[in-house]
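Novice: Line by line, the protein sequences are chains A, B, C, D, E, F, G, H, I and J.
Note that our numbering has the first sequence beginning at 561, numbered continuously upward.
Note that our numbering has the second sequence beginning at 561, numbered continuously upward.
Note that our numbering has the third sequence beginning at 561, numbered continuously upward.
Note that our numbering has the fourth sequence beginning at 561, numbered continuously upward.
Note that our numbering has the fifth sequence beginning at 561, numbered continuously upward.
Note that our numbering has the sixth sequence beginning at 561, numbered continuously upward.
Note that our numbering has the seventh sequence beginning at 561, numbered continuously upward.
Note that our numbering has the eighth sequence beginning at 561, numbered continuously upward.
Note that our numbering has the ninth sequence beginning at 561, numbered continuously upward.
Note that our numbering has the tenth sequence beginning at 561, numbered continuously upward.
Incorrect hints may have been included.
[To be verified] Label-pair distances were calculated between CB atoms; the ranges are:
1) D621/C - A682/E: 54 to 62 Å
2) Q582/I - E637/E: 50 to 58 Å
3) Q582/I - V693/A: 23 to 31 Å
4) S606/B - G668/I: 34 to 42 Å
5) M561/E - G578/F: 57 to 65 Å
6) A638/C - P685/F: 33 to 41 Å
7) E568/A - D690/J: 50 to 58 Å
8) K615/C - A607/A: 42 to 50 Å
9) D621/I - D621/E: 49 to 57 Å
[Stated by the list, open to error] So these bits of chain H aren't anywhere near chain G, every CB distance computed over 10 Å:
10) T572
11) T580
12) T587
13) E608
14) L617
15) L629
16) K699
In case anyone wonders, no lab produced these hints; they're calculated from the structure.
Glycine included, C-beta positions come from ideal geometry on N, C-alpha and C.
Number of protein chains: 10
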Amino acid sequence: MTKAAAAEQVVTARLRSGRTWQEIADTVGAPVVWTTAALLGNHPMSAEQASSACKLLGLGDDVAEALRLQPYRVRDEAVLSDPTIYRFTEALSVYGPALKELIHEEFGDGIMSAINFQVDIARRPHPDGDRVVVTFDGKFLDYRW
Amino acid sequence: MTKAAAAEQVVTARLRSGRTWQEIADTVGAPVVWTTAALLGNHPMSAEQASSACKLLGLGDDVAEALRLQPYRVRDEAVLSDPTIYRFTEALSVYGPALKELIHEEFGDGIMSAINFQVDIARRPHPDGDRVVVTFDGKFLDYRW
Amino acid sequence: MTKAAAAEQVVTARLRSGRTWQEIADTVGAPVVWTTAALLGNHPMSAEQASSACKLLGLGDDVAEALRLQPYRVRDEAVLSDPTIYRFTEALSVYGPALKELIHEEFGDGIMSAINFQVDIARRPHPDGDRVVVTFDGKFLDYRW
Amino acid sequence: MTKAAAAEQVVTARLRSGRTWQEIADTVGAPVVWTTAALLGNHPMSAEQASSACKLLGLGDDVAEALRLQPYRVRDEAVLSDPTIYRFTEALSVYGPALKELIHEEFGDGIMSAINFQVDIARRPHPDGDRVVVTFDGKFLDYRW
Amino acid sequence: MTKAAAAEQVVTARLRSGRTWQEIADTVGAPVVWTTAALLGNHPMSAEQASSACKLLGLGDDVAEALRLQPYRVRDEAVLSDPTIYRFTEALSVYGPALKELIHEEFGDGIMSAINFQVDIARRPHPDGDRVVVTFDGKFLDYRW
Amino acid sequence: MTKAAAAEQVVTARLRSGRTWQEIADTVGAPVVWTTAALLGNHPMSAEQASSACKLLGLGDDVAEALRLQPYRVRDEAVLSDPTIYRFTEALSVYGPALKELIHEEFGDGIMSAINFQVDIARRPHPDGDRVVVTFDGKFLDYRW
Amino acid sequence: MTKAAAAEQVVTARLRSGRTWQEIADTVGAPVVWTTAALLGNHPMSAEQASSACKLLGLGDDVAEALRLQPYRVRDEAVLSDPTIYRFTEALSVYGPALKELIHEEFGDGIMSAINFQVDIARRPHPDGDRVVVTFDGKFLDYRW
Amino acid sequence: MTKAAAAEQVVTARLRSGRTWQEIADTVGAPVVWTTAALLGNHPMSAEQASSACKLLGLGDDVAEALRLQPYRVRDEAVLSDPTIYRFTEALSVYGPALKELIHEEFGDGIMSAINFQVDIARRPHPDGDRVVVTFDGKFLDYRW
Amino acid sequence: MTKAAAAEQVVTARLRSGRTWQEIADTVGAPVVWTTAALLGNHPMSAEQASSACKLLGLGDDVAEALRLQPYRVRDEAVLSDPTIYRFTEALSVYGPALKELIHEEFGDGIMSAINFQVDIARRPHPDGDRVVVTFDGKFLDYRW
Amino acid sequence: MTKAAAAEQVVTARLRSGRTWQEIADTVGAPVVWTTAALLGNHPMSAEQASSACKLLGLGDDVAEALRLQPYRVRDEAVLSDPTIYRFTEALSVYGPALKELIHEEFGDGIMSAINFQVDIARRPHPDGDRVVVTFDGKFLDYRW
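So here's chain A without its partners, still in its complex pose (with noise of 0.2 Å):
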C-alpha cells in the first residue's frame, strides 16, 4: 500500500469515527501538527507509532506499514492551489523578499531551516472575528564555508 492510499483511509476513518486529530495526536504522543502531517504521508511514522493511530481508527496492519514508510516529499501544484493553502504561497509573493531582507539584516546570509524546524497553529479571538496564527520556527543557518 502507498502513502497515498493510507492517508485516504486515515481520512476516511477519521470522518467516521469522529475522532480529531487533537485526539490521534495524543495517542499517537507526537505534536498534533507533525502527526497530522505524518498520517497524511509526509514523515515516516515509528512502528509504535503507526501502530497505536491505526489502532484508534480501525485500520489494518497494511496502513501501518505504509505510514512507516520513508516518504518522497513532493511538490504538488495543485495541492498547493487549494485555496486554504494558497494563501500562505500568496503571503510569500508579497512578504517573501521583505522577510529575506529581515533574516539577513537580523541573522546574516543563511536561511531559516524547513528541516529543524516546527510549526504551530492557534485561535487568536478577536472581536472582528476570530483570527488563525500559524508559526514557523526554524534554526537559523548561516552560509559556512
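Here the structure of chain A is known, so what remains is to put chains B, C, D, E, F, G, H, I and J in place on it, guided by the hints.
Specialist: Relative to chain A, chains B, C, D, E, F, G, H, I and J alone:
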C-alpha cells in the same frame, strides 16, 4: 519610474547609508515587515510615508512617487526559488495539507485571510543555535454564501 | 469513494433521471450554483444535504459519504480550457486590470473575497439573442495590518 | 510608442492629475470599464476617444496614436496572479464547472460570448462590510454548424 | 463509461467493421467532420444519433449513453503535438498574426467565432501531388459592448 | 534592425498612411496573406519586394534590410493567446482529432504540409451575420521511407 | 489494447525470445529503424506486418490489432529526457541554428521533411572507441505558395 | 559585447558581404558546421579564428573578443520551435525510442556522445526532389562505473 | 511487471527483511550506490545480479525479469523536489556556474561525463555534527570534432 | 549596477588580464569555488574581498559595491541546461533516489545541508583520460521537531 526600479534604489541607498530596516520603519511610522515589503514594491505608501522614507535615504521625488503607486503583487518563481524564501514554500509542501485539516477542524470550511493579515519575524535564542520565528496571523474567513 | 468518482455518478444519474439542477437544489434546500458546485465536488455537504440529494438521484451511501468530505479545490488547467469556462478567463485577461483599477479607486487597496462570496447566473432576454448574465458578489477586503 | 508604454503614462498622469476613471470615461463618452480597459491597452480607441483622453490627462500625440493601435490581448500569468485579479480565477476553479452545467441546462450546448460582452462593477452596501459586485453579461452562442 | 473510453471503442469497432467515417455520418445524418468529432468525444450527440451510430458499429448502450454526455473540450498538448495536427498549429504561428490583421481590416475589431462555426475537408487534385484543403468558416463577432 | 522592430515600424506606418494590406500586397506583387506575414516578420522578402514595400510606406533602408533577413518562425504562446488567433487553436482542440482521422482515411498515413502550403481568407455574406472563411491548403505528404 | 500496452508486450517478448530487432525486421520485411519504431507504437503496421511480427514473438491477435492502429505520435518530455535520446536534443541546441543557416544557404527557405524521411544507424569503428553514426535523410521542402 | 550581439552582427555582415558560410569556414580553417555554430555563439573560437573571421566580414575587435568567450549552450524552446529546426525534434519523438533500442542492442547500455561528436550536412540529389542529409556521429560511451 | 512496480516491491521487501542496501550490494557483488540505483530502476541488472538480489529479498522471478529490462532514465520534477534530493539541485544553482568556469579553466571546453561516471557517499564525522560527503567522479570529455 | 552586470565585467576582465580563478581566490583569501561563485553573483562579498578582487582585475568601485550586495540565488533553467552543468542534474535523475535511500539508512530521516556546505573540484589523473572529481560536503540535518 517603476516600483521595481525604485526598490533597487532603496536597497542600494540603504546599503550606503547603513540604516536598518527598523530605523526606516520607525521613520515611516509603520511595522517593519510592512515597511520593508512596501519599499520593495509590494504595498502602496501614502505620500507622507514615501516622502519620509526617501528623505531618510536621500532619494528623489521620482522614487517617492513610484512608492505611492498601486502595485501588481505578482507570483515570481525566480524570487520564490531563492533558498531563504524557498524554505517557506518547502514547509508548505510538507505541512500545508496538515494546516488545511487543522484549520477546517478548528474553524470549519474556510481560509486564513492573506489580506486581513499581518506577519512578524523574531529571533528566538536557543542553545543549539538561535531560531527564526515567523508568525502568520490572518483573519479566518469561512465559505459563506 | 473519491469526490471525483462521486461527481461522475451524480452527472450520470442526473442524465438518467431527467432532474434539473434546480430541482436538486430545491430538494437540498440551497442555492442552485452552490448545490451544483458541491455535487461536482467543490464544497462539502452536510449529512442531510448529501443524503437528500442521493435519495433524489437514487445514489448510494458511499456517494453521500464522499459528498461530505472536505474538498481540495484545485486549479485544473484542462478544466479551465473548456470553451464554456475559458471565456470567463479570457474576459479576465481583457478586463482584469481594469477591474483592479476600479476596485482600488472605489474601495482602496484590497480585493473582492472569493470566500465570503456568492455567484448567480441568469438568462437575460435580448432581441439579438438571449444573454448569459453571471454575477460575482464578494465582500471587499482591504489590506489591513 | 507601444500600448504598454502608453498605459504606464496614463496611470502616472492619472495619479498626478487626481482624475478618476469615471471622469475620464465621461470625457471619452464611453462606459467606465471599457474606457479603463482601453486606456490600459486592451481595446483600440477611436481617434476622437484617444485624443480627448490625452487632452484631459495632458499626454502627447504619441500616446494618443498608441491608444488607437489594435491590441494583442494576451494572457499574462503574472498579471493574473495579482491577488485582486486572482480571486476571480480562483472563483472559476470553484464555480466554473457548475456555471458550465447551468449554462448547458438553460441554454443548451454553447458558451457565453466574451466578445459580444460587457462587464460592470458596483459597490453593494452591506452591514457586514460593503461588497464588490461584478456582472459578466455576454450573448449566448450555441454550437451551431 | 467516460467519453474517452467510448471513443476508443468507436475507433476499434470502426477498424473491425471497415466502415468509413462518411458511412457513419450518413447513418447519423450529420456532416462528416461534426460526426467524427462527436464520436471522438468533442460534441454531445442526441439519443437518436448515438443510437444509430452504435447500432451500425455493433456497440452497446453504455457507449451510446456516453456519446450523449456533455463533453469537456480540453486543450491537450499531447494531442496537439501529433504531426498531422501540429502542422495546423505551426501554420498559425506563421500566419496567425497576418490573419488577425486581415480580419481586423476587413471586419473591424473582433474574431471569427469557433462556436458558430463549421469546418470542412476536401482533396484537391494537383499534378505535383494532391492537396488537403481545410476550410474554417465561422461567424464574425465584433467587440460590441 | 531586428525583424520584430521592422514589423512595428510597418504597422505604425501603415496606420499613418492609411494603406490597406491589399494595396501593399499589390505593390509588392504577392498574395495578401503572404505579404502581410512577410511584413510582420514571418517570411523573408526579396530585395525588390522589401524595397517596394518600404517605398510605399515611407520606411528606410534599414527596415528593408531587416525584411530580407531569414526569419525564426517561433511559437509564441502570448501571440497565440490573443482571442482572434486563439479561436483557431480552440477549433483544433475540438476538430483536430477528427481532421486527423479524415486525412488518414482519405489520403493514408501522413500530413498536410505547412510548407508547401497556402492560406486564404474571405468574407462570406450571411443573413445572420457575415462569416470569416479561412482556407488552409497544403500538399499531402505521406510517411514514406 | 492500446499501442502502448502492445509495445510493452513486444519489448518483454523480445527479451524472452532473444530475437534481435534486425531479425524481427527481416521477418517483417522492412528497414530495422522503421520496424522498431512501428513495434514501439510510432507507425501503423499492415495486417501482414503485424501478423508476422507477432507470430515470431509469440504474441496474440490483440497485439497484432493494436499494431495496425493509426498512432498518435506525441511529444513526451519524459521520453526525451532519457540520456540516450537527450544527447540528440542537446546536439540540436548546439548545432540547430547552424544547420538552419546551412540548409537555407544550400537549398533556400524551407525545411528537411520529417515525413518523407528515413533514418539509419550504424557503428563506425574507431581506434579511440567505436562511434554511433545516425543519418537523418529527408526531402527538402521549400516554402512555396 | 555578448555572444548573442556578436552573432547578430555576423549574420548581418554576412548578408551584406555576400560571403557563404563555407568561405568563412575556409578562412577560419575549420569545418563549416563547427564554424557556423561558433559564429552563432555556440563554440568558443581561438583568437586566430575569431580574428580571421572578423577580418573577412569587416567586423571589429569587440566582436572578435566576444567570439572567444566560453559560451552557455542553453536550451531555448523558441529556437527549437522554428520549423526548420523543429523537424529534427519531431523526428526524435517518432524515432528516438527506436534509436535507443538499437544503440543498446548494438553497443550495450550507454549513449552516443554529443561532446566527442561531429555533425555534417549534405545535399543528396533525388529525382523526386533533392534531399537534406544530416549525419550525427558521436563516440559511444557505455555506462561504466 | 514494470521497473517502477519492481522498485516498490524491493523497497517494501527490504523494510520487512531488515536488510541494508550494503548487504544487498554485497550479495549482488556491485558498488552500493550502483546497486541501489539499479534496484530502484535506473540501471539494468544482469540475470545473475537480479536473481541474487531477488533471492535475498524473497522476491519472485517477475521482479527479477523487470530488473533486467533496459530503463528509461527520465527526469521527474516531483522526485527532484523531495528535500533530500532538492538540496543537490539547489547547490547546482549556487555553484553550477562556478564549477563550469573551473572545469573550463582546468580542462578546457568540455564536460564531466555522467556516463563514464561513478558516485560515492560517505559519512564524515565532525564535532558540529556529522557530514554527508558525496563525490561525483566522471571522465572529462572535451568538445572534440 | 546589478550583480549580473558585475559578473559580466568580471568574466571579461579576467579574460583580458589572463588571471586564473585560483589567483583571484588567493588574492581574495577565500576558497576558489566560493570565490568564483561570489564573483559570478551567488555570494555576497565583504568590502575587503570585493575591493581586492576589483583591484586585481582593474574594475571600478561600482563593481565592488555590486559584489557586496546580498544576492537572489535563483533557479535558472537556461543556466542549468548548459551541458557542463546539465550533466550534474542528469546524474541526480539517475542517482538521486539512491542517494536519498543511503542518506536515510546511514543518518536517518533528513538531508545534506546546502547551506552549511562546501564543494570542491579536483582533477584525478587516469590512464583512460583524466577525471573531474567534485565533492559535495554538507552537514547532515535531521527532521527534528
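Novice: Now tell me if each hint is right for this structure.
Specialist: Hint by hint, here is what the structure shows:
1. D621/C - A682/E: 54 to 62 Å: Holds - the Cβ-Cβ distance for D621/C and A682/E, about 55 Å, lies within 54 to 62 Å.
2. Q582/I - E637/E: 50 to 58 Å: violated, 44 Å
3. Q582/I - V693/A: 23 to 31 Å: Since the Cβ atoms of Q582/I and V693/A sit about 46 Å apart, the hinted range of 23 to 31 Å is violated.
4. S606/B - G668/I: 34 to 42 Å: violated, 59 Å
5. M561/E - G578/F: 57 to 65 Å: holds, 59 Å
6. A638/C - P685/F: 33 to 41 Å: holds, 38 Å
7. E568/A - D690/J: 50 to 58 Å: The hint (50 to 58 Å, Cβ to Cβ) holds, given that E568/A and D690/J are roughly 53 Å apart.
8. K615/C - A607/A: 42 to 50 Å: holds, 44 Å
9. D621/I - D621/E: 49 to 57 Å: With Cβ atoms ~43 Å apart, the hint is violated.
10. T572: holds, 13 Å
11. T580: violated, 6 Å
12. T587: Consistent with the label, T587/H stays out of reach of chain G, its closest Cβ about 16 Å off (over 10 Å).
13. E608: Holds, since 20 Å exceeds 10 Å.
14. L617: holds, 14 Å
15. L629: holds, 16 Å
16. K699: Contrary to the label, K699/H does not stay out of reach of chain G, its closest Cβ about 5 Å off (not over 10 Å).
Of the numbered hints given earlier, the model fails hints 2, 3, 4, 9, 11 and 16; all others are met.
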